[in-house]
Structures are given as structure tokens and as C-alpha cells.
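Taking the hints into account, I'd like the entire structure generated from these sequences.
Below, each chain spelled out in residue letters.
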Amino acid sequence: MDTVTSIDIGSTWTKGARFRVKDGRLIPVCREVVPTTVDHLAEGFFGLLSRLKGPKGAPVYFSSSAKGGLAIAALGIVPELTLKAAKLTALSAGGRITSVFPYKLSKRHLEELEQANPDIILFSGGTDGGNETYVLHNLAMLKSLAIRPVVIYAGNEVLADQVCEELSAAGHTAVATPNLMPEVDRLAPEGAREEIRKVFLDRIVHGKGLDEIVARTGRSPLPTPYAMFSLVEAMRRHTPDFGDFLLLDMGGATTDVYSSTMDHASDERIILRGVKDPAVKRTVEGDLGMRVSARATAKSGQALVDWLLGEERKAGFEAFLDRIAREPDYLGESDEEQEFDFILASACIHHAVRRHAGTFKRTFTASGETFIQTGKDLRHVTRLIGSGGYLSSVPSFTPMDVLQPEAERQETIALVPQAFSYYRDKDYLLPLLGNLVPDFEREAARGALAALELVHDGLAAIAD
Amino acid sequence: MPQNTIVLGVIGADCHAVGNKILERIFTEEGFRVVNLGVMVSQDEFIDAAIETGARAILVSSLYGQGELDCDGLRDRCVERGLEDILLYVGGNLVIGKIDYDETEAKFKAMGYNRVFRPSVDLHEVAQLLRNDLAA
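Residue numbers (numbering that gives the first Met the number 0), protein chains in the order written: chain P, 0 to 463; chain G, 0 to 135.
Derived by calculation from the structure, the hints in this document are not laboratory data. In this text the structure is predicted, and so the values were computed from the model without any measurement. Treat the hints with care, since some could be wrong.
Just so you have them, the derived chain P footprint on chain G, three or more residues with Cβ under 8 angstroms [said to hold, decoys possible]:
1) 8-14
2) 36-46
3) 49-61
Ideal placement from N, C-alpha and C gives every residue a C-beta, glycine not left out.
Below, the structure is given as C-alpha cells:
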């Protein structure tokens, strides 16, 4: 088999490409986009498929960003430990976090949970052989929950059987996976992540014509962010020469940041604190986006936006925000509107990368100046990739000026990339390649590198 | 559930790492399940780790002379965060200068530490005391 087709069903557009497998990589042969037929997804999907003109019987892989991913509520004990680990796990599985609850669930928390009505409750807490008190309390509370999400238990393994038995007896669906934090500061998200993907298949496939697509292609969909995450993992494994990188996937509603870099202290004056981030990590910012979240972006990034905007353009920017709120499909036309989009994109990237990155806190000790590092050090990441609507389609955009490190005098320093090259996923092929990772891991990783266009070479400057 | 999980670390802005490694080794050899947080550990980090691991004792080291400042209030925080029954041990160069050890011990006991150790203490003795205290 040397031809494969990959399709991504987004909330607005259904995108697809046909690839040829050649020389150990996936090469795009043709690419098509059609509007998503929201009421019956199969219609747009098969319309697109026929335009891609793949040979009869060639395999078709696909992903869906349905509902922005599965809605997941996360339970943990300590906010900085198991709860943080649960959040990282949910995001790595392509989920959308509705609410998080540390320590003991109260009656009011249960009501909040019922209100949010998530698809999944990711129930963590306790290291293996560790805390039982909080887990047992939360188990007792969950039994009386009036809604029926799937409960994925990924806490203290000692209680796994008891949790599943008692929840099942109370009429809930519960599955146990390996503890996502088996020891303090050690994460093991893989088991829970796989379980979340399975629930995605069960929950998302029903209705809206997806079941027809599954029946006719003989394959199940991946959540779009899960496909992206898999691609980042595949690139880390199979294209090591590319080095550490950051992938920005910026859409109308959210800005997703994926990083591929190890989290290590580079000298002895640095003390690592808290949960160690995994080598591949995803964060999602629901208040940073180009359209649906544009107003929230303007608010979250107000200082930067005001600075880029200047006083005289404020009114025009406000009008632009109103317009794109009414028409999320609207693309900036005039020079000024394109400038507004540039400002929104800058704010999204500036804040999304900062929130993804770790920090240094400078302190002075008896042995001199010391830095306490929390989270990932991205300063040595040498490559940034832009993907998604705006970043894929605007060739002139570079984020070179929006990540500038804060002034040195600050007590807390964000560990953002310093000198890097910038690449553009110009045909928005990365999610499509991500779909193919399960069966073409190496070929997809290599295909991804070939799909990137170098926009700014920041490494040449370092070599000088 | 193992009943002998202990949390270990050097409190405050103290970077002394060698003694911490020795403690980890000896207590592990003595059969404890050691969760070692290393150097420069804050009060809340001790408590966070103790909650998640279900630890029944926190062993605090302080070597740089500011132990009194760093250690005060840990018992109160434990109580606030639901660890009212946890054992708290503290040891090291707890205060600067030639102050009578009995005075230091009294001071730290008043802060809520169950046992207070001088830097020269035999760690095997400490392990035995810990076993007894946990069994009590």
C-alpha cells in the first residue's frame, strides 16, 4: 500500500490530503478543504474524499475536533501534585478541562460537577501505597453523583479494585488505569491517556454521521489534539536532528502549545521544584484565540495589545473585535485589519508560550545566588513551528519579537525560547500527518519536517 | 498499605545536600520507604508530599543556622492541612552559636516537633526511635 488519505473534521472546515509513502516518508499528493457539514458530518467528509481521488480501497484515517475534545473534570489531592498531574494527562489526551477539584469533594462540588456534566471524570489522588483517606472520601461522594460520565481511576493503585467495584455497584461506569503519579514528582500519564482515547471513540462516534464514516472507512477517529500530540512524540523519536522544538497550534477558540524538550537543571545553582514536566507536553489556553476568544485575548493580553496598538487605533480595534465576534469566519481585509490580526496573534503566542514555560525564581542563600526552577526550561529550544488557521496561512508572520525575555531585574523569570528559527506549517498538514502516526510513525515524522517552511533562520545568527 | 513512609528534606534556603543523601541511604537501609525531597524544601512541599504518599513522619533537616526561622509554624500548617497526627522530627545545626542544646531542644519541642536531634546523633538510633514512635 503506497497511498493513504487523512482527513480532519474541524468545527468549521473539513481538511484532507492524500499522501504517498515514498523513501520512508509521507509526501502530500493533493490537498482539499470543504466546509464542515455540521448536521451530518459524513456528507462533507465523503464529498472531500471523492475530491481527493484516492485509489479505490486506499486506507482513510481521520480525526475530529468534535466539541473541542472530550470534556474532562479532574480530581486530585494536592493542587501542585496529583491534581496538576491529572490536568497534564487530560490535556495530553486531547481533552478539554471543565473543572478541577483538589482534596475532598463537597456536596457543592458535586453540584458543580453535575452542572459541568463532563464526559469523563479523571479520578487521581495518592501515590502508590500512599494516601487513602481522600480517595475513599471522594469515592463515597462520587457514588451519589446524578450524572453518568465515565470515571477513569488513575490514583493510588491499592484502591483501584475497590473504586471500580463500588462505583459499578452504584451504577457508574468506572475503569482503572495505572496511577498517573506513582511516586511524588514522577508522572506516568500513558495508561490514563489511552483510556481517555478509548472513551472518545465510544462517546464521540454516535450521532452527527460520524458512525457512518466509521462504518464506511473501517476506522475510528482520533481527537485532533491527540493526533498532534502523537506527531510531536513521533518527531521527537524519529527526527532527532531537528532538536528540541515548540509547536504552536493557534485556532479561533484556543491556542495550544506542544513542547518537545527535557526538563533538566543545567547547573548546580538551579534547584528543580515540583512535578517534573514530561518531555512532550501540551497546554491549552481557552482565553487565547483569534476569533471566538478574541475578546478574551484582548483582555488577557491587554498590556501587550495596548502597547502594540497605540492610542489612535484603539477605537478601530474595538470595532474589529465586535465584527469578528459576530462573524467568526471573517478574515481581516484592509491593512489595518491585518495589523489587528497580527496584534491578536502576538498576544496569543506571547501568553500561551509564557504559561507553557517554567520559571526561575531568584533567591540568595548562604552559598550565593540560586535559582528555583518550576516547570520546563524552554530557553534552549531552537525551533518554533506555527500551525493552525492564522499561522499556517499568513506567510509574513513571525513570532520573533513577541517572546522577548522580561527585563533582568524581575525576580521571577519566564524560561521562554531565546534564539530560535521559525517554521510554518504552510499547508496545515501536521494534524493530518498526526492521524497517520499509529501506522506510519517514522514516515509521518519525516513527512512533517518536509512539510515545514523555514520563515526565519535564527540559528545562522548563533553560528556567527 | 506500607505504614512506614517518611518524607525527608532540607528546609528553607539551605543547599546542604550531602547529609541529606546520607539520611536517605540509612533510612532506606533501615527499611523505611523514603520520599526524599532534597534541598531547599518549603514547609508546604513537605506537607504536600506527606499527604500524597500517606507518610506518617516528616524528617526536617537544617544545616545553615536559620532553622529556627524556617521550622517555626510547620506543626500549625500540618494541623491546618489535616496532618494533625503526623510525627515531626528535626535535626542538624539548628541554631547559630554555642547555645545549650537543652535550650534548643525545648525551643523546637515548643514549636511542635516530636523529637529534636543534634548533628552528631547516631542515625541508627534515630531509626529505632522512629520505629517505636510509629508503633506507639
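Against the structure, the hints come out as follows:
For the stretch 8-14 of chain G, the stated coverage by chain P holds: 3 residues have a C-beta nearer than 8 angstroms to a C-beta of that chain, and at least 3 were required. With a threshold of 8 angstroms between beta carbons, the proposed coverage of the stretch 36-46 of chain G by chain P holds, since 5 of its residues qualify and at least three are required. Here's how the stretch 49-61 of chain G fares: 5 of its residues keep a CB closer than 8 angstroms to some CB of chain P, so the rule of at least three is met and the hint holds.
The earlier numbered hints are all upheld by this structure, with none contradicted.
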